[in-house]
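Line by line, the protein sequences are chains A and B. For the first sequence, position 347 (counting from the first letter as 1) is numbered 347 according to the working numbering, and the numbering increases by one without interruption. With positions in the second sequence counted from 1, the corresponding number in the working numbering is that position plus 1000.
Be a bit skeptical, because a hint or two may be false.
[As the list claims (entries may be wrong)] Residues from chain B shown here face chain A by an in silico Cβ test under 10 Å; the list is partial:
id : residue
1  : Ser1053
2  : Gln1063
3  : Ala1111
4  : Ala1114
5  : Ser1139
6  : Tyr1141
7  : Arg1157
8  : Glu1159
9  : Leu1161
10 : Ser1163
Bear in mind the hints are in silico, worked out from the structure with no lab data behind them. Ideal Cβ positions, reconstructed from N, Cα and C, are used throughout, including at glycine.
Residues per chain are reported as follows:
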Amino acid sequence: MSTKDTFDSLRETGRIGGFGGLYVPEVLMPALTRLEREAKRLLGTDSFRNELNDVLTSWVGRPTPLTRLGRLSQEWGGDVWLKREDLAHTGAHKINNGVGQALLAREMGASRVIAETGAGQHGVAAAAACARIGLECTVYMGAVDIERQAPNVERMRLLGTTVVAVESGDRTLRAAINEAMRAWVADPESTYYLLGSAVGPHPYPWLVREIQSVIGREARAQFETLNGRLPDAILACVGGGSNAIGLFHPFLDDVEVELIGVEAGGRGSGVGENAATIVRGSPGVLHGSYSYMLQDDDGQVFETHSVSAGLDYPGVGPEHAFLAESGRASYVEATDADALTALDELARSEGILAALESAHALAGAKVYLENHPGAVVLIGLSGRGDKDIDILRGLDR
Amino acid sequence: MRGHELLAQSLRDSAPSVVPYLTAGYPDMATFVGHLERLRSVSPAVEVGIPFSDPMADGATIQDSSQQALAGGATLRGILEALGGFESDTPLIAMTYLNPLLAFGLDEVMAALAGVGVASLVIPDLPYEESTEVGEAASRYSVGLVQLVTPLTDGARLETLCSRSQGFVYAVTMTGTTGGAVADTTSVAAYLDKVRSYASVPVLAGFGIRDAQQVRRLAEHCDGVIVGSAIVEKISRGEDPVEFVEGLKA
């Protein structure tokens, strides 16, 4: 089977390798069946594609630039490039998916949109897209995350979205997804669930990848135009993994390009100290799909930690599980401290303040260049760091 | 007769049945075992919830009871041990999410469940399309796999699910999580009549059922009800679940 056939299987069957699937309460089956049918139909029509491309260009600000880092390349001993999703409207790659799915929701006649958010970037993206398209929006956010990502909470409110504080479970992204799913279960017919990452039941992992692949398509064309070649390695942070899969996917057939996902190593290797799902987890079913997850021997989900709210999640998208198992991509971890160091180095040498999530990819690239001096690397800078200023100020460092 | 066939028989014989639900290990293992022992003596079957850390189909009440049970050290292995100590012919229905079953090993867990008197298994995050492997493992140990249906399940699908369900059909009375708002009984009645017309096993209504009046009204349109959150609420307040269940039958 060619790579393309394998990846089409995610679209056709909801499975890639053994991963993926559709593990949800029966009450959601009609909604998911309809979403699969409508998403395939609409993404296959020129008029929908054209409208999406137009919004991505005129409102999101795509294509986002590719930036070569002169000083950091010297410091780290390589040729370092960034794909600048931090320059997309609302400050992260999440807006691509926000717009794409909000348009789908409108076409499907949804009366309201719900979304979960961790760092708040997906929440802001959903809020902005719904405001632009004229849909009512409610965002579920863990109480812990509301505390640590306060600027994004205010942004969502200013954009006319209702933010619901989730006090159950671990009060972070995982609890927010549980709560959004419950809200969806209560009203699956007129509510559209705008899932923010390449996780969850079929068709979301395919749908989110399909929309976010604009990142990798642009990056591949830009890189080739500027350099007449492709990078040696591409690195991206992985929580659920939407930015990473969007960047990786168009490079899958370029087997000479190494693909490296960087997970949250947190404070260390202990249980509850990190969110390195592929590095430290095992296969299981969480939030609707079979993938890697952080769990104990009884199949109960571990609590996680990361300085980055967007990576603080015990699951990962099924396509990443497949890429890891097939060996096409490798997955490493960067600790909180490594990410913060890389964030500082980028800020001081290049004038770019990265999101804490994206800083993990930077830290991974730094390690990669230590092992591959002089290599050409492309890093997915998934978002900007303005939202993290309170955390960065509060850290004892 | 296989376990789930005996369960179906028991539910039919005692129709309209009131099947109580208990979260295993809540509020602690000893209290749970005590409640289960007494409920088994007054019920045609008892549903036992095996707690999971991320119960997406459950409302706040069962979610909280699951968290407390897990925090108190409840594990699937420990629950199986507790259930193994019983002498009772009253069949058990086990309810759990898929992941704890996968972690235990499908064959191992089905053998163990069958060994402690579990006749049928309800897995709320396992839709029919994904259930082949689990269903085969369950079948090897004569454990029935129950299908859930909802008011949104369309005709053709309803027919399939009803014909495949083993032990009983779990007819969810509303869209929403367990313990939610009480359903509108007129539309629920029509829906249950339709489910019953497709089902060859008994139909139990569940989700949002909490008083004797509801039980009486629903009884004409199904073979019984499952009462969960309302019982767990009683237990959380230290009240006697057996008395409450007896009251529902009045």
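Hint-by-hint comparison with the structure:
With a least beta-carbon distance of about 4 Å to chain A, the hint placing B/Ser1053 at the interface is held under the 10 Å criterion. Annotation: interface hint on B/Gln1063 holds; nearest CB of chain A at approximately 6 Å, less than 10 Å. For the restraint placing B/Ala1111 at the interface with chain A, the shortest Cβ-Cβ distance is roughly 17 Å, beyond the 10 Å limit, so the hint is violated. Annotation: interface hint on B/Ala1114 violated; nearest CB of chain A at approximately 19 Å, more than 10 Å.
Among the interface hints, the one on B/Ser1139 is violated; its C-beta lies about 20 Å from the nearest C-beta in chain A, farther than the 10 Å criterion. Because the beta carbon of B/Tyr1141 sits about 19 Å from the nearest beta carbon in chain A, more than 10 Å, this interface hint is broken. With its C-beta approaching chain A no nearer than about 8 Å, B/Arg1157 sits inside the 10 Å limit, and its interface hint holds. About 14 Å separates the beta-carbon of B/Glu1159 from the nearest beta-carbon of chain A, more than 10 Å, and the hint is not met.
The restraint placing B/Leu1161 at the interface with chain A holds, with a minimum CB-CB distance near 8 Å, inside the 10 Å limit. Annotation: B/Ser1163 was flagged as interfacial toward chain A, and the flag is violated, the nearest CB pair being 15 Å apart, outside 10 Å.
Checked against the numbered hints above, the structure breaks hints 3, 4, 5, 6, 8, 10 and satisfies the rest.
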